[in-house]
Every structure is written in C-alpha cells, then in structure tokens.
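J.: Spelled out from the first residue to the last, the chains are:
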Amino acid sequence: MNENSSTRPLVSDLKRINLMTGKGGVGKTTLAATLARASAAKGKRTLLAEIEDESGWDSQLARGFGFKHFGVEPQTVLKNLDGLRLSAFVGQEKFLNSFLKVSALTRMILNHQGVKWFLDGAPAFREMGHFFHLLLQLRKKEYETIILDLPATGHFVGLARLPGLLLKMIPFGPIAEGLKEGQRYIYDSDQTAAWVITLPQMLPVSESIELKNALQSENIPVAGFLLNRVPPNPFTEDEERMLEELSQKQSGEGSQLQVDLERLRRLHEARARLRAEGLPIWAAPEVFQPLEELDFAERVVRRD
Amino acid sequence: MVCGGGGVGKTTVAASLGIAATQFRKRVLVVTIDPSKRLAEAFGFTQAALDTGGEPLKLSEDVKRKLGVAEGAELSVGILNPKYVLDQILDQVLTEEQRDRLKRTTLYSQMSQMVYGLQEYTAYEWVTRLLKEGAYDFIVLDTPPAAHAKDFFNVPEKVKHLMESRVFQIFMPKKKSWARAIVGQKIGQALSFTWLEKLLGSKVYNESRTFFEVFAVMRGRILERCEWLARFFTQSEVAVLAVGTPESSAQFELEGVTDFLKQKKIPLQGVILNQVERIPPPSEAKLEGQGLPPELEAKLKRFRENQLQRAERAFQIVERCRRRYATEGGADFLTLPMSYASEGFDILRENADRITQA
Numbered sequence: 040m041n042e043n044s045s046t047r048p049l050v051s052d053l054k055r056i057n058l059m060t061g062k063g064g065v066g067k068t069t070l071a072a073t074l075a076r077a078s079a080a081k082g083k084r085t086l087l088a089e090i091e092d093e094s095g096w097d098s099q100l101a102r103g104f105g106f107k108h109f110g111v112e113p114q115t116v117l118k119n120l121d122g123l124r125l126s127a128f129v130g131q132e133k134f135l136n137s138f139l140k141v142s143a144l145t146r147m148i149l150n151h152q153g154v155k156w157f158l159d160g161a162p163a164f165r166e167m168g169h170f171f172h173l174l175l176q177l178r179k180k181e182y183e184t185i186i187l188d189l190p191a192t193g194h195f196v197g198l199a200r201l202p203g204l205l206l207k208m209i210p211f212g213p214i215a216e217g218l219k220e221g222q223r224y225i226y227d228s229d230q231t232a233a234w235v236i237t238l239p240q241m242l243p244v245s246e247s248i249e250l251k252n253a254l255q256s257e258n259i260p261v262a263g264f265l266l267n268r269v270p271p272n273p274f275t276e277d278e279e280r281m282l283e284e285l286s287q288k289q290s291g292e293g294s295q296l297q298v299d300l301e302r303l304r305r306l307h308e309a310r311a312r313l314r315a316e317g318l319p320i321w322a323a324p325e326v327f328q329p330l331e332e333l334d335f336a337e338r339v340v341r342r343d
Numbered sequence: 170m171v172c173g174g175g176g177v178g179k180t181t182v183a184a185s186l187g188i189a190a191t192q193f194r195k196r197v198l199v200v201t202i203d204p205s206k207r208l209a210e211a212f213g214f215t216q217a218a219l220d221t222g223g224e225p226l227k228l229s230e231d232v233k234r235k236l237g238v239a240e241g242a243e244l245s246v247g248i249l250n251p252k253y254v255l256d257q258i259l260d261q262v263l264t265e266e267q268r269d270r271l272k273r274t275t276l277y278s279q280m281s282q283m284v285y286g287l288q289e290y291t292a293y294e295w296v297t298r299l300l301k302e303g304a305y306d307f308i309v310l311d312t313p314p315a316a317h318a319k320d321f322f323n324v325p326e327k328v329k330h331l332m333e334s335r336v337f338q339i340f341m342p343k344k345k346s347w348a349r350a351i352v353g354q355k356i357g358q359a360l361s362f363t364w365l366e367k368l369l370g371s372k373v374y375n376e377s378r379t380f381f382e383v384f385a386v387m388r389g390r391i392l393e394r395c396e397w398l399a400r401f402f403t404q405s406e407v408a409v410l411a412v413g414t415p416e417s418s419a420q421f422e423l424e425g426v427t428d429f430l431k432q433k434k435i436p437l438q439g440v441i442l443n444q445v446e447r448i449p450p451p452s453e454a455k456l457e458g459q460g461l462p463p464e465l466e467a468k469l470k471r472f473r474e475n476q477l478q479r480a481e482r483a484f485q486i487v488e489r490c491r492r493r494y495a496t497e498g499g500a501d502f503l504t505l506p507m508s509y510a511s512e513g514f515d516i517l518r519e520n521a522d523r524i525t526q527a
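For the protein sequence lines, the chains are Z and D, in the order given. So in the numbering used here, the last spot in the first sequence is 343, and the numbers never skip. So in the numbering used here, the last spot in the second sequence is 527, and the numbers never skip.
Only chain Z is shown next, with the shape it has when bound in the complex (with noise of 0.2 Å):
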C-alpha cells in the first residue's frame, strides 16, 4: 500500500530512457520532473527533456526549475541534472550536419530562406526534426537516465507512428538509417520504458488503458502505469469493511461517510482494473502545490 515506505521507488525501476505519456491534466510534468529530481539525487547523470511548444509559452515544465524554457542544448538545472528542449530546427541541422560532414554546407542548405520555410510548413518535417534532436542524446551515453516529458494523448501516438510511416516513404538513405537506428532505441524494452501516468478516477483509467493499448501496437514497450494523486488511505481492508457497513446503517444521502468511502472506492476500481492489464502499478500521492512551490522529497513514486 502507498502508506508503506519499505516498497520500492520508482526510481530504482527508471530505464535508460523513460517516456513519460498519457491524457493531458493527469500530471505528466509533475511526475517527470520529480522523477528526474529522484534520479539526479541518486547521483546519476540524468537529462530531463521536453518537445518544444510550437506557440512559444513558457514551459511549466522549466518554470518548476525557475527557467522561462530549458535550452535547445543541455543545459544544467541541478546537480547531476541537465534540461533539454527539443528543437525540430535544431535536430534537423544537427542531422544533415552529422550527414553532410562540412557545415558550412549544411548552414548554406538550411539558412536558405525557402529551404527553411519547407522544412517549417511541410507535414511531419518537424516531428522528425524533434526525433533526430532526440536521437543525438541517445547515442550519446553521457546520460545514464533520460526522462522525457511527452505532449498529451493523441499527439504522442501520432509521433510513435512516425518512424513507421516515413520509412514506407524514406526506405533507404541517411534518414532511414536514422529512422531506424531511433527505432531501435526506443523498441528496446531493455533500454526504453514508456509510463502511462493516470489517476484513479474512471474516465481517466480507461483513457489510460487505451493508451497503453495504442503504444503497444506500435512496438513501444510499456512498462507500468503511474497512478498519480492517490489519497492516504490508512485503513486495513476489515476495517473498510466495517466503515462500509457503518455507511450503510446510516440513512442520510451522500452522507460524508459516504463520500469519504467513494473515493477508495474508486481507488480499488482504478487499481483493480489496471492490474487486469497485466503491468506493474507506481503510485504517487496528492500534493496541492504548483509545482515551483512542490517538495520533492515527500514525493516518491513508490511500488503499489
């Protein structure tokens, strides 16, 4: 149970790199950057990375660490710790330069103002610019962990699908090489985890379940769901039990007995319908602050 602290921490579980997905509002950001908070403290070397948001706003993700937006280089947030912002201009200049091998070519192709606007407009250039910039950090093993904090839902598995479709249309050449070689990362379950965060409320598990569904049929290996705001829950289960049958002498409509009971109910529902899965479940609890104001250390992703 979450109350016991003797169950493991998330973070002894992370993989190398750590794909952080589900519906929006259910906590991504929170969960990414206290998780990378966690890793940095066990004293490993840890990136933290977001996709750069098209309209410009500032990054909440950056803002937990006191930054407008993390730098389209790694730059150093905390002690073992380096944020990232991927950027489809940058990853497709790194990777026509990785190809090309003189840059001052590369610079003269995509400083082309009409070379530039081709690759802004047309559909999918980005996408595949934010999965070479990615892509570089991979190869490099300066990171022992990776933890990328995903856009919502529908986007992400639209991005998972993209190595697949463009091969069907890049078979050969430098960018299906690399198509492929980021394939191979991140379809290696000994190397890459996705975590499909939820809560534990109904709408929010079956749109998790989903997810996880959609990921899995694109190779993407799953490796648990995090099931974020939990409530404290102190009771053994005979107790429940007896509160339960408490509840039921007493009359009053939607009496706080009630209340109180339908939220653990609602907890064993999601829990109970998320083992059916088959995956290991994380949970972590409530906390009401934003999260500039979060204290880390009271929150740990631990085993459920």
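If you're looking for bench data, these hints aren't it; they were derived computationally from the structure. All C-beta atoms in this analysis are idealised placements derived from N, C-alpha and C, irrespective of residue type, glycine included. One should not assume that every hint holds.
[To be verified] Listed below are the simulated EDC-like cross-link pairs for lysine to aspartate or glutamate, each with C-alpha atoms no more than 16 Å apart in a straight line:
1) Lys367(D) with Glu216(Z)
2) Lys468(D) with Glu276(Z)
3) Lys470(D) with Glu278(Z)
4) Lys235(D) with Asp522(D)
[What the hints assert, rightly or not] Quick list of the computed label-pair ranges, beta carbon to beta carbon:
5) Glu112(Z) with Asp428(D): 29 to 35 Å
6) Lys272(D) with Glu276(Z): 57 to 63 Å
7) Asp306(D) with Glu283(Z): 47 to 53 Å
8) Arg223(Z) with Asn475(D): 45 to 51 Å
Based on the hints, put chain D in the right spot on chain Z.
T.: Same frame as chain Z, now just chain D:
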C-alpha cells in the same frame, strides 16, 4: 465556446450546457472533438458511427429522455472528423486532377494531425458551415484538446502565418512549373533544393511538393477565412466560457486562457469550476456513539481531517476565482461538484440541472 485545459471535464460540461440549453432553444447542437467512449455511449453513438462520422446526429427520443432534454426540443451531437471536413474543402477548392494527386500521397492520410493548426482550423470551418446552414439556434463548441487552452484562439494567426510563408509562393501555380520557379530564383536555392531532394529521396520530396502546390491553391480561401475567424470571437453572438478545476495545474491553465483573452480583447462570458469537492457540514463529522473500535475511530478522524483540508483548499480556490472572475471581472460564475455518479447519463443530467438553475 467552451475552453479549458486537459482533464477538467470540458466535454462533459459542454454536453451538459447543450442539454440545459434545450430549456430555452429548440434546435441545439453540441460540437465536440475526440469524446471519451463513455460520453459517446451516453449519446447512443456506436463505434461505427464514430469511425465514419461526418455530419451531426440527432439524439434518439430514448436518449433525450434519459438526458433530460426539454420536451419538443432537438439535441444533435457532432463529432469532428478533421479528414472529412478537409476532404469537403478540397472538393470545393481543387480540380479533380489536383485532388487525386494529393490523395495519392502517403502523407495525406496523416495530414490533419501533422500540420500544425489544421485540426483546429477544420473545427472552425465546420462550425462556420453549420452556422451558415442555419439548422441550429444554439451551438456549443467544445474546443479541441491542445497543449494549452489558449492555443485554440491563436489558431487563425498561426495558420495565417503558415499560409503567408513564402514557401507557398515558390510553389504558386502561376509560376507554371517547378523548373521555371528555380530558374527565376537564385542558384543557391536550386542547389539547396537539389540537396534536399537527394537527402529526402524523390518520393517524400515530391509528396511534400504536391502538398505545397495544393495548399498554394487553397491559400486565398484559408487566409480570408482566418481574417474572418479573428473577428469571430468578438461577435455578440459568440460567448466564451472557460472551464477549470480547483487543482493547481488546471488553475494555471485557467489563468493562462483568461489573461490571453483579456489581452486579445475577447470577452469572457463565464467561468465554470468543475469537480469541486463538497465541504461537509460539522454535524456529519460526528462519529461518537457508532460503536467503532477506538483505534479505527482515531484513524477515521485523521482521514476525515485530511479530507476536510482538501475540501477547504478547494473552497479557498473557488472563492479566489469567484472574486477574480465574477466580482472583479464581471463574468458569470458557476461551480459544479465532483461527481460520484457512475452513469454518464446521470452526470450530464445533474450538471445540466445546475446550469439551468444558474
């Protein structure tokens, strides 16, 4: 227009608003994007209807009764299918030859997902058409999920920006051919594009070229539509409602969207705080004399205190929002409770009743 961050129950609120509206209007439409399975089921949609979805569907009498739709009123639900809308636009704008060429490309099937802002743009196109057809006298638009709630309002500008990119001019049909376009440009460009083609391979390169050529044809229409949309939000027939919850990241999103609206001078009609925990009256907190073992009673007391703290924290946030948006901002303000109902119907009906009363 109902907007808000992820996970705040925006779609449920939009649907409830549509049900409530049937008390006052006879032909109501709720337009939503990517609804949960449960909500679609509550409306009586089958998976097949969802997969092939195009035009809005009228709810059956049975479903209407369960949802508490007013007697004699009609409620329709439209689930946006970006590809369906895009196909319709293409049919209007392109010649058969252009259309076929575009539809043959591998990228086409993924286009609405891959081109930034296109999904939102199709939502606008669809709603605009439905408005013009005049079949409804009240429309609730549930805005698409985005990284940020305010992104939706920025779409006309973003799409306009993309369409104004000079890359389209390179591919404009008046240049007649790609080769001639190159001749007219600098040698550097020709060289750069040759390299690009080499790097990408001719298939993807040609597909992308087709994409730009086709969009160059549509450019005029899209730009005109974007101008119109930029004014759309400020019309008197349009009301913008922002939905949030007392949870901290949802508050961050709510502040983001309301600040953005203010900055763009788009009026905010109302704020709805959803999933608000109820604060129990003190009489319910009493447990003495229930015959519980003292140890359990102590545990329950601590548990209750934690619950009470949650509810009080939510209450403070609600009051802060009420001050900010209603008292100072002059917007309508409504809270909807955390729902414990497990049936989709019940949640929608309960919320609709509260909205009607408000």
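J.: Are the hints correct? Go through all of them and say.
T.: Results of checking the hints against the structure:
1. For the proposed pair Lys367(D) and Glu216(Z), the alpha carbon gap of about 15 Å is at most 16 Å, so the pair holds.
2. Proposed proximity of Lys468(D) and Glu276(Z) is supported: the alpha carbons are some 13 Å apart, at most 16 Å.
3. A distance of roughly 13 Å separates the Cα atoms of Lys470(D) and Glu278(Z); the hinted pair therefore holds under the 16 Å criterion.
4. Using a Cα cut-off of 16 Å, the hinted pair Lys235(D) and Asp522(D) holds, with the two alpha carbons roughly 13 Å apart.
5. Between Glu112(Z) and Asp428(D), the C-beta spacing of about 31 Å keeps the proposed range 29 to 35 Å intact.
6. A hinted range of 57 to 63 Å holds for the C-beta pair Lys272(D) and Glu276(Z), which are about 59 Å apart.
7. The supplied range of 47 to 53 Å is met by Asp306(D) and Glu283(Z), whose beta-carbon atoms lie about 49 Å from each other.
8. Taken as a hint, the range 45 to 51 Å holds for the pair Arg223(Z) and Asn475(D), whose Cβ atoms sit roughly 47 Å apart.
In this structure, none of the earlier numbered hints is contradicted; all agree with it.
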